[in-house]
Amino acid sequence: MSAHASVVGGKPSGSGFAAAKRVNQSLTAGVEKRVLVWMAERAPAWVTSDGLTVLGLVAQFGAGLSYWLARYEPGALLVAVMCLGLNWLGDSLDGTLARVRRQERPRYGFYVDHMVDVFGAVGMMGGLACSGYVHWEAAVGMLVAFLLLSSESYLATYTLGRFEMSQGMFGPTEIRILLSIGTLALLRSPYATVLGHRMLLFDMGGGIATVVMVGMAVATTVRHTVQLYREEPLR
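Sequential numbering of the sequence shown, starting at 1, is according to the numbering used here.
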């Protein structure tokens, strides 16, 4: 969930648009930021923010296609993991590159990158739902929970002027890491045994992820509603 300069410390852009403050408290945030700046400073001129955004979208659809192909050839799961890595590169580096090169476009970047996130999530979860490694109901549940959490984040960015890139210690990078680990585990066995019951590993993981994301969405909605109520009391 990055943007070409979706936020610039709350300072207005040239159009008078007041960008939101970025907040990222995820486990990997500190290291990730240093790595991305290092890469952006050394990126060749032909690498652009728009190109990286396209790379992120194509890679996410590529991951979905790889999951679908894994139904017939399990080795495609390795391609899915590589696509998740490329998705991280494109989705995370585009905004950093724009800031390093002082080519910020706050409104354009925020809008395009997050619509790309939505379409990419639909593509990837659609492929996962067709993979045979998870029941389609579980994949749809994860997608709905992600879109619910994303919607809350975007609305909070507009109303509170603060873009929370993570929920507690978890952000997009942590989710990609967990998904990659789970995908590699599928190569060993697509099943897990819980309390003596055998079930698909991704059904279990997807169920947990869905509950957690919905819980986060509800909790942050309550917290932000209380904050806004206090900031705008009835007269």
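One or more hints might be untrue.
[Claimed, not checked] Here are the in silico distance ranges between beta carbons for each label pair: (1) Gln227 / Glu73: 45 to 51 Å; (2) Ser189 / Val31: 30 to 36 Å; (3) Val54 / Arg102: 19 to 25 Å; (4) Glu232 / Arg102: 34 to 40 Å.
Hints are computed from structural coordinates only; laboratory data are not their basis. For glycine and all other residues, C-beta sits at the position ideal for the given N, C-alpha and C.
Beta-carbon spacing of Ser189 to Val31 - inside the hinted bounds 30 to 36 Å or not: holds (32 Å)
Given the range 19 to 25 Å, decide if the beta-carbon distance of Val54 to Arg102 lies inside it. With Cβ atoms ~22 Å apart, the hint holds.
Do the beta carbons of Gln227 and Glu73 sit within 45 to 51 Å of each other? holds (50 Å)
Range agreement (Cβ of Arg102 with Cβ of Glu232, hint 34 to 40 Å): Given a distance of about 36 Å, which is inside 34 to 40 Å, the answer is holds.
The structure shown violates none of the earlier numbered hints.
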